[in-house]
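S.K.: Here are the chains, one letter per residue:
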Amino acid sequence: MNIDLSRRSFLKLFGAGAAATSLGAMGFGAAEAAVAAHVRQFKLAATTETRNICTYCSVACGIIMYSKGDLNAGEKAELIHIEGDADHPTNRGTLCPKGAALKDYVKAETRLTKPRYRAPGADQFQEITWDEALDKIARALKDDRDANLIEKNAAGTTVNRWTSTGFLAASATTNETAWLTYKTVRSMGIVGFDNQARV
Amino acid sequence: MTKTPQADPSMIGGVPEPPFVLLPDPAKLFETRAKRFAFLARHDANLAPYLTFLADLTALQAKLLASLPPVPPIAPEKARQAREFSMPPVERASLAEDPTLVATFVALIAAAADLEMPESARQALSAVWAADEEDRRWLLSNILSDQIPEGAAAPHLFAAAAVQIHMARLAAALDPKALIPVGVGICPSCGGRPATSSVTGGQEIDNLRYAACACCATRWNEVRVKCLCCGSTKGLAYRSAATHEATVKAESCAECGSWVKILYQVKNPSLDPIADDVGSLGLDILMKDSGATRGGFNPYLAGY
Numbered sequence: 614m615n616i617d618l619s620r621r622s623f624l625k626l627f628g629a630g631a632a633a634t635s636l637g638a639m640g641f642g643a644a645e646a647a648v649a650a651h652v653r654q655f656k657l658a659a660t661t662e663t664r665n666i667c668t669y670c671s672v673a674c675g676i677i678m679y680s681k682g683d684l685n686a687g688e689k690a691e692l693i694h695i696e697g698d699a700d701h702p703t704n705r706g707t708l709c710p711k712g713a714a715l716k717d718y719v720k721a722e723t724r725l726t727k728p729r730y731r732a733p734g735a736d737q738f739q740e741i742t743w744d745e746a747l748d749k750i751a752r753a754l755k756d757d758r759d760a761n762l763i764e765k766n767a768a769g770t771t772v773n774r775w776t777s778t779g780f781l782a783a784s785a786t787t788n789e790t791a792w793l794t795y796k797t798v799r800s801m802g803i804v805g806f807d808n809q810a811r812v
Numbered sequence: 526m527t528k529t530p531q532a533d534p535s536m537i538g539g540v541p542e543p544p545f546v547l548l549p550d551p552a553k554l555f556e557t558r559a560k561r562f563a564f565l566a567r568h569d570a571n572l573a574p575y576l577t578f579l580a581d582l583t584a585l586q587a588k589l590l591a592s593l594p595p596v597p598p599i600a601p602e603k604a605r606q607a608r609e610f611s612m613p614p615v616e617r618a619s620l621a622e623d624p625t626l627v628a629t630f631v632a633l634i635a636a637a638a639d640l641e642m643p644e645s646a647r648q649a650l651s652a653v654w655a656a657d658e659e660d661r662r663w664l665l666s667n668i669l670s671d672q673i674p675e676g677a678a679a680p681h682l683f684a685a686a687a688v689q690i691h692m693a694r695l696a697a698a699l700d701p702k703a704l705i706p707v708g709v710g711i712c713p714s715c716g717g718r719p720a721t722s723s724v725t726g727g728q729e730i731d732n733l734r735y736a737a738c739a740c741c742a743t744r745w746n747e748v749r750v751k752c753l754c755c756g757s758t759k760g761l762a763y764r765s766a767a768t769h770e771a772t773v774k775a776e777s778c779a780e781c782g783s784w785v786k787i788l789y790q791v792k793n794p795s796l797d798p799i800a801d802d803v804g805s806l807g808l809d810i811l812m813k814d815s816g817a818t819r820g821g822f823n824p825y826l827a828g829y
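Protein sequences, first through last, are from chains A and G. Residues in the first sequence are numbered from 614 upward in steps of one, following our numbering. Residues in the second sequence are numbered from 526 upward in steps of one, following our numbering.
Do not take every clue at face value.
To be verified - Listed next, the in silico DSSO-like pairs over lysine-lysine satisfying Cα-Cα at most 27 Å (straight line): (1) Lys792(G) to Lys681(A); (2) Lys813(G) to Lys656(A); (3) Lys681(A) to Lys751(G); (4) Lys727(A) to Lys755(A); (5) Lys702(G) to Lys759(G); (6) Lys711(A) to Lys681(A); (7) Lys656(A) to Lys702(G); (8) Lys759(G) to Lys656(A); (9) Lys720(A) to Lys759(G); (10) Lys689(A) to Lys813(G); (11) Lys759(G) to Lys689(A); (12) Lys792(G) to Lys689(A); (13) Lys751(G) to Lys716(A); (14) Lys813(G) to Lys759(G); (15) Lys751(G) to Lys792(G); (16) Lys716(A) to Lys702(G); (17) Lys727(A) to Lys765(A); (18) Lys749(A) to Lys711(A); (19) Lys751(G) to Lys689(A); (20) Lys702(G) to Lys711(A); (21) Lys720(A) to Lys792(G); (22) Lys681(A) to Lys759(G); (23) Lys681(A) to Lys749(A); (24) Lys813(G) to Lys681(A); (25) Lys656(A) to Lys792(G); (26) Lys765(A) to Lys755(A); (27) Lys716(A) to Lys759(G); (28) Lys656(A) to Lys681(A).
Rather than coming from a laboratory, the hints here were simulated on the basis of the structure.
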């Protein structure tokens, strides 16, 4: 912003233009320089606050997750704290004991982070890729459905029931996700189906 | 005889409805702020001279309150009309000629002469004292529109101190229930910009964020993790000098390149939206070095 030209005579009275900041203009330039010298030995640390929904039940409480490091700046973020989101209309910042312990859930050493497979007769799990895992699941489902699908009932009416496979879907989903899950599962004929809405 | 404590089930299970605005109590506001400035001055040897000066100036603001003529409140009809069009009830543009504000300004610069201050500050003060009506109106209208022309920070600092007194008194008389959100990062009382925002502690408002108007000291609820300059909820990072545990951080937005300080009162209830903004000058210096634009308005920190 430029100095309003018509105010030149007024501004001249206190040596305008010499200092760019309040501190400089008020004669506290030395204090400002001291603060600058002190603070420039530090680096800026970045924390990220991320909104999310608790993973546990269908109440779907809002949470804020605090992490060290800024993903946007290409840094690696490390979770340091999770708390209830006070802006969220469902829980207004509160969490149940399970939700309050979410950080331990994330950090648990026993937490499953990759698909694992235990071969028939083996006494240990082995890690496999997602592609392998999904292929295996699809294969097993297809084989089971081909073998056990009930196409017609005793009266000869088409029913397409698949009773030998069940499906349990997660709870922390939106209505839209739940709708899609229902359509996918039911279109295959699966009868035993539940959304894990109550934990 | 001791009273047997009674169970109060109404305290349990309620869903708190946070107030949208917290209006200022001018007497308490300036007194608490002066004490905070003085406290900060005792704990920051580098910045102590400036903080001490601002402690004295804020104490003067508190002292002047008692002697100033009463502020006529905003007419309910005008407030209703503003509300109808989603506008703030206080129309700042018309206030530069308000006789009470002008009287406040004159009283402040007269009394400020007794404060201890460096030569440049005193020079600016006497220039304001000697200024004609039009120049003073220019200072007031700049502050009332949240701008400080480059190179004129010192006289505007005194004008801002006067505007703060007048606006806090005006905002205090508003009906909090009649105030509505007028836009992201805009004061619902006067349309001003926030100086900082604070994550508050306390029953019903725990962990919520309230932005504090730099002009009238109204505090209003803003959703957390949202840029107060552009309203984006994407790409926000909280920067602080050296430690992640800082109680004052810079909420910086990758979308618009601006940042506004956020004070974690939930960790330290003594933090003051204006005093601790000045007290954390180091953060401004580091953020300025990083090239980001300061979005919070504070006439005590012009040029950052």
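S.K.: Determine for every hint whether it applies to the structure shown.
M.R.: Each hint, compared with the structure:
1. Restraint check for Lys792(G) and Lys681(A): the C-alpha separation of about 18 Å stays at or below 27 Å, so the hint holds.
2. Between Lys813(G) and Lys656(A), the direct Cα distance comes to roughly 13 Å. Compliance with the 27 Å bound is thereby established for this hinted pair.
3. The straight-line distance between the Cα atoms of Lys681(A) and Lys751(G) is roughly 18 Å, inside the 27 Å bound, and the hint therefore holds.
4. Restraint check for Lys727(A) and Lys755(A): satisfied, since their Cα atoms lie roughly 23 Å apart, inside the 27 Å limit.
5. With a C-alpha separation of about 31 Å, the suggested pairing of Lys702(G) with Lys759(G) is violated against the 27 Å cut-off.
6. For the hint pairing Lys711(A) with Lys681(A), the CA-to-CA distance comes to about 23 Å; that is within 27 Å, so the pair holds.
7. Distance hint between Lys656(A) and Lys702(G) is unfulfilled; the C-alpha atoms sit about 44 Å from each other, more than 27 Å.
8. Taking the CA atoms of Lys759(G) and Lys656(A), the gap is near 24 Å; set against the 27 Å cutoff, the hint holds.
9. Taking the CA atoms of Lys720(A) and Lys759(G), the gap is near 25 Å; set against the 27 Å cutoff, the hint holds.
10. The hinted pair formed by Lys689(A) and Lys813(G) meets the criterion: a straight-line CA distance of about 24 Å does not exceed 27 Å.
11. Using a Cα cut-off of 27 Å, the hinted pair Lys759(G) and Lys689(A) holds, with the two alpha carbons roughly 17 Å apart.
12. Distance restraint check for Lys792(G) and Lys689(A): the Cα-Cα separation of roughly 26 Å lies within the 27 Å cut-off, and the hinted pair is therefore satisfied.
13. Distance restraint check for Lys751(G) and Lys716(A): the Cα-Cα separation of roughly 23 Å lies within the 27 Å cut-off, and the hinted pair is therefore satisfied.
14. For the hint linking Lys813(G) to Lys759(G), the alpha-carbon distance of about 22 Å falls within 27 Å, and the restraint holds.
15. Between Lys751(G) and Lys792(G) the alpha-carbon distance is near 20 Å, which keeps this suggested pair within the 27 Å criterion.
16. As the CA atoms of Lys716(A) and Lys702(G) are separated by approximately 39 Å, the hinted pair breaks the 27 Å bound.
17. This hinted pair does not check out: Lys727(A) and Lys765(A) have alpha carbons roughly 40 Å apart, beyond 27 Å.
18. For the suggested pair Lys749(A) and Lys711(A), the alpha carbons sit about 33 Å apart, so the restraint of at most 27 Å is broken.
19. For the given pair, Lys751(G) sits about 22 Å from Lys689(A) by alpha-carbon distance, which is consistent with the 27 Å threshold.
20. A C-alpha spacing of about 37 Å is found between Lys702(G) and Lys711(A), which places the hinted pair above 27 Å, so the restraint is violated.
21. Under the criterion of a C-alpha separation no larger than 27 Å, the hint pairing Lys720(A) with Lys792(G) is consistent with the structure, at around 24 Å.
22. Restraint check for Lys681(A) and Lys759(G): the C-alpha separation of about 17 Å stays at or below 27 Å, so the hint holds.
23. For the suggested pair Lys681(A) and Lys749(A), the alpha carbons sit about 37 Å apart, so the restraint of at most 27 Å is broken.
24. The hinted pair formed by Lys813(G) and Lys681(A) meets the criterion: a straight-line CA distance of about 22 Å does not exceed 27 Å.
25. Between Lys656(A) and Lys792(G) the CA atoms are separated by roughly 22 Å; this keeps the pair inside 27 Å, and the hint holds.
26. At roughly 19 Å between alpha-carbon atoms, Lys765(A) and Lys755(A) fall within 27 Å of each other, so this suggested pair holds.
27. About 23 Å separates the Cα atoms of Lys716(A) and Lys759(G), which keeps this hinted pair within 27 Å; it holds.
28. Using a Cα cut-off of 27 Å, the hinted pair Lys656(A) and Lys681(A) holds, with the two alpha carbons roughly 14 Å apart.
Violation of the numbered hints given earlier is confined to hints 5, 7, 16, 17, 18, 20 and 23; the remaining hints are satisfied by the structure.
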